[in-house]
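So the protein sequences, as listed, match chains A and B. In terms of our numbering, the first sequence opens at residue 1169 and continues consecutively. In terms of our numbering, the second sequence opens at residue 1169 and continues consecutively.
Heads up, some of the hints might be wrong.
The list makes no distinction among identical chains, and a pair is therefore deemed to hold if it is satisfied within one copy or across any two copies.
[Claimed, not checked] Computed list of lysine to aspartate or glutamate pairs in EDC-like fashion (alpha-carbon distance at most 20 Å, straight line):
1) LYS1219 with ASP1188
2) LYS1219 with ASP1369
3) LYS1292 with GLU1187
4) LYS1263 with ASP1234
5) LYS1319 with GLU1190
6) LYS1319 with GLU1307
7) LYS1319 with ASP1247
8) LYS1318 with GLU1349
9) LYS1326 with GLU1187
10) LYS1375 with GLU1358
11) LYS1314 with ASP1188
12) LYS1219 with GLU1309
13) LYS1318 with GLU1187
14) LYS1314 with GLU1190
15) LYS1263 with ASP1188
16) LYS1318 with GLU1249
Treat the hints as calculated values from the structure; they're not laboratory data.
Next come the chains, spelled out residue by residue.
Number of protein chains: 2
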Amino acid sequence: MKEENEKHIAWHSSYITREDRERSNGHRSCILWLTGLSGSGKSTLAAAIEKELYRQQCRSYILDGDNLRHGINRDLGFDPEDRSENIRRIGELAKLLADAGMITIVAAISPYRQDRDNVRAVCKPGDFVEVYVQCTVEECERRDPKGLYKKVRSGEIKHFTGISAPYEPPLQAELVLRTDELTVSDSVIEVMSYIRSRQLDRASLEKEMES
Amino acid sequence: MKEENEKHIAWHSSYITREDRERSNGHRSCILWLTGLSGSGKSTLAAAIEKELYRQQCRSYILDGDNLRHGINRDLGFDPEDRSENIRRIGELAKLLADAGMITIVAAISPYRQDRDNVRAVCKPGDFVEVYVQCTVEECERRDPKGLYKKVRSGEIKHFTGISAPYEPPLQAELVLRTDELTVSDSVIEVMSYIRSRQLDRASLEKEMES
């Protein structure tokens, strides 16, 4: 942080706490951080999780790395430094949304382990749920939903994660979803089952509030 | 936007829309943008508005300029360029939270008219509600809740809005609250009355959904 900030910037607390919001919402919040190669199915999975959470009357919101590059991160490119800053900001955004009571679903390649670990480190313990959306690069290239792998092969795109730029898979992800083996619904079931196991869901909070 | 972004970054739509969220929440969302001098009462007012909205079972969230400088904006200082980037990012954050269904309350000095107008321009029409938290600089200095004016007078802080850096008051704010004349409760009443007049409140949305 810039020194002038450290020195003179106060911290303002809100009257309404995250716990108040969680009670209003009827469920806990957290950050589901979906990391994986381009084409591995992060955005598809994020949308399917959101749909299921909505059906269960849970508040959720998707932070899509691609979309954020049109908005808050539009000043950033793809060199390692900008990629790190991209992830740092998405992490701060996700923290705010979790504090606002939302089950926050991040879909971002986030190729560097250190960047993801940095986000985990600034989150409350347990808030950061790393979900490795695993898929072979061959399958991702076969899907190529945005035609990006084609552009890589033709030389139009230079630094591309998994081909010409590194992807560092998680070492201890809370969840690993092999999207080259599972259907989307099966993946959603795994995520929902994780949410229940962590007692982040509606039924668990209700039970807790009764007791 | 960096050219590489413009070219290759897709836009992903979510299944669940802002309208879905507004229906779930029972009220519409918007951005209440509180602008004014340091010490004018933005944070106090933001907290009081949030409390009242919570009482009325409305989802709201405060984005406090000071707090964000400890997080997403911690790489930014106080020169005009960084101040603009600070406001641009807060604007993008506020847009996301409004899209997530929250009545988003921004408390940020946001001294430059152009910066505020830029945020207004990227918001959906009607979403950006400029609230001028007006107070004489003499009264702000008398209050000096963070002891900053004292530090300005002693020379410890150089560029300070209203003293040694410009503050450009809004020309057509949706609301003007004279915090040197009104009590906090009276200001909250004015804000709530504005929210009702715009039919952003719970009762209005319920009526709309019935018809």
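If the cut is 20 Å between Cα atoms, do LYS1263 and ASP1188 qualify within a copy, between copies, both or neither? within (16 Å within a copy, 23 Å between copies)
Between LYS1219 and GLU1309, at a C-alpha cutoff of 20 Å, which is it: within one copy, between copies, both, or neither? Classified as neither; 27 Å inside a copy, 50 Å across copies.
Homomeric proximity label, LYS1219 with ASP1369: Cα distance no greater than 20 Å: Only inside one copy: LYS1219 and ASP1369 sit 15 Å apart there, 25 Å across copies, limit 20 Å.
Given a CA cutoff of 20 Å, do LYS1318 and GLU1349 count as a within-copy pair, a between-copy pair, both, or neither? neither (23 Å within a copy, 64 Å between copies)
Can you give me the call for LYS1319 and GLU1307, within, between, both or neither, at a CA distance of at most 20 Å? Only inside one copy: LYS1319 and GLU1307 sit 16 Å apart there, 61 Å across copies, limit 20 Å.
Pop the pair LYS1318 and GLU1187 into one bin, within, between, both or neither, using alpha-carbon distances up to 20 Å. neither (47 Å within a copy, 37 Å between copies)
Please work out whether the CA atoms of LYS1292 and GLU1187 approach to 20 Å or closer within one copy, between two copies, in both situations, or in neither? within (13 Å within a copy, 31 Å between copies)
What label fits LYS1263 with ASP1234 when the C-alpha limit is 20 Å: within, between, both, or neither? Answer is both; intra-copy 18 Å and inter-copy 16 Å each pass.
Regarding LYS1314 and ASP1188, is the shortest C-alpha distance of 20 Å or less found within a copy, between copies, in both, or in neither? neither (41 Å within a copy, 27 Å between copies)
Within, between, both or neither: LYS1326, GLU1187 at alpha-carbon 20 Å: For LYS1326 and GLU1187, neither the intra-copy (46 Å) nor the inter-copy (39 Å) Cα distance is at most 20 Å.
Between copies, within a copy, both or neither: which fits LYS1219 and ASP1188 at Cα up to 20 Å? So LYS1219 and ASP1188 pass the 20 Å test across copies only (11 Å; inside, 24 Å).
Please sort LYS1319 with ASP1247 into within, between, both or neither, judging by C-alpha distance up to 20 Å. Close inside one copy (18 Å), not across copies (40 Å); limit 20 Å.
Hints 5, 8, 9, 10, 11, 12, 13, 14 and 16 from the list above are not met by this structure, while the remaining hints are.
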